[in-house]
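Asks: Here's the letter readout for the chains.
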Amino acid sequence: MDIMRTHPMVIIGGLLQENPFFVPPDEMLGELRRRRTAHVPS
Amino acid sequence: MIDASEERAVHLAGSELDRARHVCAFFHTRDEEYRVLMPFVVEGFEHGDRAFHIVDPAHRDEHIERLREGGIDTGSAEASGQLTVLRWEDAYLRGGHFDQNAMLALIEEVLRAGKAQGYPLTRLVANMEWALEDRPGVEDIVEYETRLNYVLPKYNDAVT
Numbered sequence: 001m002d003i004m005r006t007h008p009m010v011i012i013g014g015l016l017q018e019n020p021f022f023v024p025p026d027e028m029l030g031e032l033r034r035r036r037t038a039h040v041p042s
Numbered sequence: 001m002i003d004a005s006e007e008r009a010v011h012l013a014g015s016e017l018d019r020a021r022h023v024c025a026f027f028h029t030r031d032e033e034y035r036v037l038m039p040f041v042v043e044g045f046e047h048g049d050r051a052f053h054i055v056d057p058a059h060r061d062e063h064i065e066r067l068r069e070g071g072i073d074t075g076s077a078e079a080s081g082q083l084t085v086l087r088w089e090d091a092y093l094r095g096g097h098f099d100q101n102a103m104l105a106l107i108e109e110v111l112r113a114g115k116a117q118g119y120p121l122t123r124l125v126a127n128m129e130w131a132l133e134d135r136p137g138v139e140d141i142v143e144y145e146t147r148l149n150y151v152l153p154k155y156n157d158a159v160t
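Top to bottom, those sequences are chains G and D.
Going by my numbering, the first sequence runs without a break in its numbering and finishes at 42.
Going by my numbering, the second sequence runs without a break in its numbering and finishes at 160.
Looking at chain D on its own, in the form it has when it is part of the complex (with noise of 0.2 Å):
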C-alpha cells in the first residue's frame, strides 16, 4: 500500500500534473508523440507503475518497438501485467462500433484493477485517432469523454 503522502509526483510534456490527470495530446507526427510521451511512460516504470495503452492496430509493432528503444522490457513486463497494450478492436471498437458505455466500464475496470492489484498508479496512453474516422457510435465520444470526467477523479491515475 502506499499512502497518499508517498505519492510521487506525474511529469507529463515538461510540467508536473496535478489532480486534473485527463489530458488531450494533440501532434503532428508520431516522432513527436513519441518524444513528448516516452518520458511519461518511462517514469511510470521507473515508479513501478501499470502501463495501460490502445494503439491503433496498425502500429502496435512499431509501439512496442518504441517502447523497447526507450528501455523497457516489454516482454517480461507484459508477461507480469505491468504492461498492456490493446488494439482500438479490443477497447474502443470491441465489436465493430464504440460504445461508450462499456468503454468507460472498462476504463473503470482497468483503474479498479491496477489499484487492486497493488500499482501505485496506472499510467493509461490510448491513441483516439480512430474518432477522426467514419466509425458506428464515433458520435458519442464527446458524451464518453464528457462522463470520463465524472469517472477518473475518483482514481489517482493518469489518461493521456
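One chain only, chain G, in its complex shape (with noise of 0.2 Å):
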C-alpha cells in the first residue's frame, strides 16, 4: 500500500512508532514518475 510508505510516522495498534515502509519524498517521486513512464502505452 504506497500511501503507507508517504508517512514517516505510523499508529498501528494505537501505538505510534517510526514507519519502516517510509519512503523519502525525492525517492518516492522518482518511483511514481517511472512507474507513470513505464505505463505510457508505446
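The reader is advised that the hints may include incorrect statements.
Claimed, not checked - Cross-link-like lysine to any residue pairs, in silico, SDA-like; alpha carbons within 25 Å at most: (1) D/Lys115 <-> D/Gly81; (2) D/Lys154 <-> G/Phe22; (3) D/Lys154 <-> G/Met4; (4) D/Lys115 <-> D/His59; (5) D/Lys154 <-> G/Gln17; (6) D/Lys115 <-> D/Ala102; (7) D/Lys154 <-> D/Phe45; (8) D/Lys154 <-> G/Glu31; (9) D/Lys154 <-> G/Val10; (10) D/Lys154 <-> G/Leu32; (11) D/Lys154 <-> G/Asp2; (12) D/Lys154 <-> G/Asn19; (13) D/Lys154 <-> G/Val40; (14) D/Lys154 <-> D/Pro120; (15) D/Lys154 <-> G/Ile3; (16) D/Lys154 <-> G/Gly30; (17) D/Lys154 <-> D/Arg8; (18) D/Lys154 <-> G/Ala38; (19) D/Lys154 <-> G/Arg5; (20) D/Lys154 <-> G/Arg35; (21) D/Lys154 <-> D/Pro57; (22) D/Lys154 <-> G/Thr37; (23) D/Lys154 <-> G/Arg36; (24) D/Lys154 <-> D/Arg135; (25) D/Lys154 <-> G/Pro20; (26) D/Lys154 <-> G/Val23; (27) D/Lys115 <-> G/Pro8.
Unchecked claim - Using C-beta positions, here's what the derived DEER-type ranges look like: (28) D/Arg135 <-> G/Ala38: 20 to 30 Å; (29) D/Glu133 <-> G/His39: 21 to 31 Å; (30) G/Ala38 <-> D/Phe26: 28 to 38 Å; (31) D/Asp134 <-> G/Leu15: 23 to 33 Å; (32) D/Leu132 <-> G/Arg35: 12 to 22 Å; (33) D/Gly95 <-> G/Met1: 22 to 32 Å; (34) G/Gln17 <-> D/Arg135: 46 to 56 Å; (35) G/Asp2 <-> D/Ser15: 16 to 26 Å.
Please keep in mind that the hints were generated in silico from the structure rather than gathered at the bench.
The beta-carbon is built from N, C-alpha and C at its ideal position, and this holds for glycine as well.
Two independent chains are provided; combine them into the complex using the hints.
Replies: Below you can see the structure in the form of C-alpha cells.
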C-alpha cells in the first residue's frame, strides 16, 4: 500500500511508531515518475 | 512568540512526537480512533495550540460531540478560530474532485496562518477515508502525501 510509504510515522494498534516502510520524497517521486513512464502506451 | 527552546512536547498514541510529524494512522473503529487521538487533541488545547480538523461530512456533528465530551468548549474555540472543523468537500474535495496542488497550498496556508496568528503549533487531524472511495483525482493521493513531506519539515506542526 503506497500511502503507507509516504508517512515517516505510523499509528498501528494504537501505538505511534517510526514507519519502517517510509520512503523519502525524492525517492518516492522518482518511483512514481518511472511508473508513469512505464505505463505510457507505445 | 514562543522560543524554540520553550516549545512543549507533543504526545501522540503513547509516545512523544519527534521532528518527523507526518503521521499515518489506521483504526478499526471510530471508538478506537477517538481513544487514540483525543489525548493528542486535548493536549493541544491545554497548550493553546490551534486545532485544524478535516472530517467526513457524515460524521461532523458526531466529531463535535466527541470533542465536547473530551472537555473542549467547541463553541468558543470555533468562534475564536482556535478550532476549525472542515468537511471533506471544503478541503480535499473542493469542486467535487481532489486537486493535489490546491490541497498542498491549503495545508501550507493553514500552517502559515497558525504561526502568524501566534499559535505555538497547529495540530492538524485529517480523516482520509474518502481516498478509499472512487473520487475524481484520488489517483494523485500518493504523490500528494509524498509532496507533503517537503512542506511539513518547514513547520513544527503535527499532521495526522
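Asks: For each hint, tell me whether it holds in the structure or not.
Replies: So, going through the hints one by one against the coordinates:
no., hint, in the structure
1, D/Lys115 <-> D/Gly81, "13 Å, holds"
2, D/Lys154 <-> G/Phe22, "19 Å, holds"
3, D/Lys154 <-> G/Met4, "21 Å, holds"
4, D/Lys115 <-> D/His59, "28 Å, violated"
5, D/Lys154 <-> G/Gln17, "22 Å, holds"
6, D/Lys115 <-> D/Ala102, "20 Å, holds"
7, D/Lys154 <-> D/Phe45, "22 Å, holds"
8, D/Lys154 <-> G/Glu31, "24 Å, holds"
9, D/Lys154 <-> G/Val10, "20 Å, holds"
10, D/Lys154 <-> G/Leu32, "23 Å, holds"
11, D/Lys154 <-> G/Asp2, "24 Å, holds"
12, D/Lys154 <-> G/Asn19, "20 Å, holds"
13, D/Lys154 <-> G/Val40, "35 Å, violated"
14, D/Lys154 <-> D/Pro120, "14 Å, holds"
15, D/Lys154 <-> G/Ile3, "21 Å, holds"
16, D/Lys154 <-> G/Gly30, "22 Å, holds"
17, D/Lys154 <-> D/Arg8, "18 Å, holds"
18, D/Lys154 <-> G/Ala38, "33 Å, violated"
19, D/Lys154 <-> G/Arg5, "20 Å, holds"
20, D/Lys154 <-> G/Arg35, "28 Å, violated"
21, D/Lys154 <-> D/Pro57, "30 Å, violated"
22, D/Lys154 <-> G/Thr37, "31 Å, violated"
23, D/Lys154 <-> G/Arg36, "29 Å, violated"
24, D/Lys154 <-> D/Arg135, "30 Å, violated"
25, D/Lys154 <-> G/Pro20, "23 Å, holds"
26, D/Lys154 <-> G/Val23, "18 Å, holds"
27, D/Lys115 <-> G/Pro8, "23 Å, holds"
28, D/Arg135 <-> G/Ala38: 20 to 30 Å, "25 Å, holds"
29, D/Glu133 <-> G/His39: 21 to 31 Å, "23 Å, holds"
30, G/Ala38 <-> D/Phe26: 28 to 38 Å, "29 Å, holds"
31, D/Asp134 <-> G/Leu15: 23 to 33 Å, "32 Å, holds"
32, D/Leu132 <-> G/Arg35: 12 to 22 Å, "21 Å, holds"
33, D/Gly95 <-> G/Met1: 22 to 32 Å, "27 Å, holds"
34, G/Gln17 <-> D/Arg135: 46 to 56 Å, "29 Å, violated"
35, G/Asp2 <-> D/Ser15: 16 to 26 Å, "25 Å, holds"
Hints 4, 13, 18, 20, 21, 22, 23, 24 and 34, counting from the list given before, are not met by this structure.
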